[in-house]
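Student: Here is what each chain is made of, one letter per residue.
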Amino acid sequence: EAQVTQNPRYLITVTGKKLTVTCSQNMNHEYMSWYRQDPGLGLRQIYYSMNVEVTDKGDVPEGYKVSRKEKRNFPLILESPSPNQTSLYFCASSWGGAGELFFGEGSRLTVL
Amino acid sequence: EDQVTQSPEALRLQEGESSSLNCSYTVSGLRGLFWYRQDPGKGPEFLFTLYSAGEEKEKERLKATLTKKESFLHITAPKPEDSATYLCAVQVRDSNYQLIWGAGTKLIIKP
Numbered sequence: 283e284a285q286v287t288q289n290p291r292y293l294i295t296v297t298g299k300k301l302t303v304t305c306s307q308n309m310n311h312e313y314m315s316w317y318r319q320d321p322g323l324g325l326r327q328i329y330y331s332m333n334v335e336v337t338d339k340g341d342v343p344e345g346y347k348v349s350r351k352e353k354r355n356f357p358l359i360l361e362s363p364s365p366n367q368t369s370l371y372f373c374a375s376s377w378g379g380a381g382e383l384f385f386g387e388g389s390r391l392t393v394l
Numbered sequence: 152e153d154q155v156t157q158s159p160e161a162l163r164l165q166e167g168e169s170s171s172l173n174c175s176y177t178v179s180g181l182r183g184l185f186w187y188r189q190d191p192g193k194g195p196e197f198l199f200t201l202y203s204a205g206e207e208k209e210k211e212r213l214k215a216t217l218t219k220k221e222s223f224l225h226i227t228a229p230k231p232e233d234s235a236t237y238l239c240a241v242q243v244r245d246s247n248y249q250l251i252w253g254a255g256t257k258l259i260i261k262p
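Here the protein sequences come in this chain order: A and B.
If you're matching positions, the first sequence starts at 283 in this note's numbering and goes up one per residue.
If you're matching positions, the second sequence starts at 152 in this note's numbering and goes up one per residue.
Derived from the structure by calculation, the hints contain no laboratory data.
Honestly, I wouldn't trust all of these hints.
[Stated by the list, open to error] The following label-pair restraints were derived from C-beta to C-beta distances:
| # | chain 1 | residue 1 | chain 2 | residue 2 | range |
| --- | --- | --- | --- | --- | --- |
| 1 | B | Ile-259 | A | Ser-362 | 33 to 43 Å |
| 2 | A | Leu-323 | B | Ser-234 | 42 to 52 Å |
| 3 | B | Pro-191 | A | Glu-344 | 27 to 37 Å |
| 4 | A | Lys-300 | B | Ala-228 | 44 to 54 Å |
Small disclaimer: the values here were computed from a predicted structure and weren't measured.
Glycine included, C-beta positions come from ideal geometry on N, C-alpha and C.
Okay, chain A solo, but in the shape it has when bound (with noise of 0.2 Å):
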């Protein structure tokens, strides 16, 4: 079955603690995305990643960091969270380009 999936689904964390949410999907997709959601604020991209080892940044990248090594693997690292980062983070996969993308489930974090 074609999924995206994301780990952890549901996280309670504190100031400082880094943490790190992975994304994998099984499809070959070359492009991957991380989004984050907020009541009022709609999708916002934070990193994208167009190929292996080829990453940029998107709308709010701040306080965030990515990394692509693997073509299946796209991890979603906050070195030191603030509460400002509590949010529903969605990572997203296409075969190329950012149009038709597949979703995971959404990891709901919140930092306290």
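With the hints as your guide, set chain B onto chain A.
Tutor: Relative to chain A, chain B alone:
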């Protein structure tokens, strides 16, 4: 500035009552327009891609249309399971890697 606006913010319909959702866009050049459906607490699910004015796509009770300024998502005889938030996103000609998202329309279909 490139912008995507969806209206209305929310729409309540009775089962079987047809209606339309609007996505208007102001961009420097359109590469593609995309419709997604999002259920509460889940990731968006891709529905349609439209590339040029006059194009139409259909899937079950949904039909998407495109003009040079806006797109409509027509819902014919909706059922309660069509309740969801419908998102519109635009890809501009200069960028293959980013989308401009609308805020969405929350659709509620009452039985």
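Student: Decide, hint by hint, whether the structure agrees.
Tutor: How the hints compare with the structure:
1. B:Ile-259 x A:Ser-362: 33 to 43 Å: Since the Cβ atoms of Ile-259 of chain B and Ser-362 of chain A sit about 40 Å apart, the hinted range of 33 to 43 Å holds.
2. A:Leu-323 x B:Ser-234: 42 to 52 Å: Taking Cβ atoms as reference, Leu-323 of chain A and Ser-234 of chain B lie about 22 Å apart, which means the hint is violated.
3. B:Pro-191 x A:Glu-344: 27 to 37 Å: For Glu-344 of chain A against Pro-191 of chain B, whose Cβ atoms are near 28 Å apart, the range 27 to 37 Å holds.
4. A:Lys-300 x B:Ala-228: 44 to 54 Å: Distance hint for Lys-300 of chain A, Ala-228 of chain B holds at roughly 51 Å.
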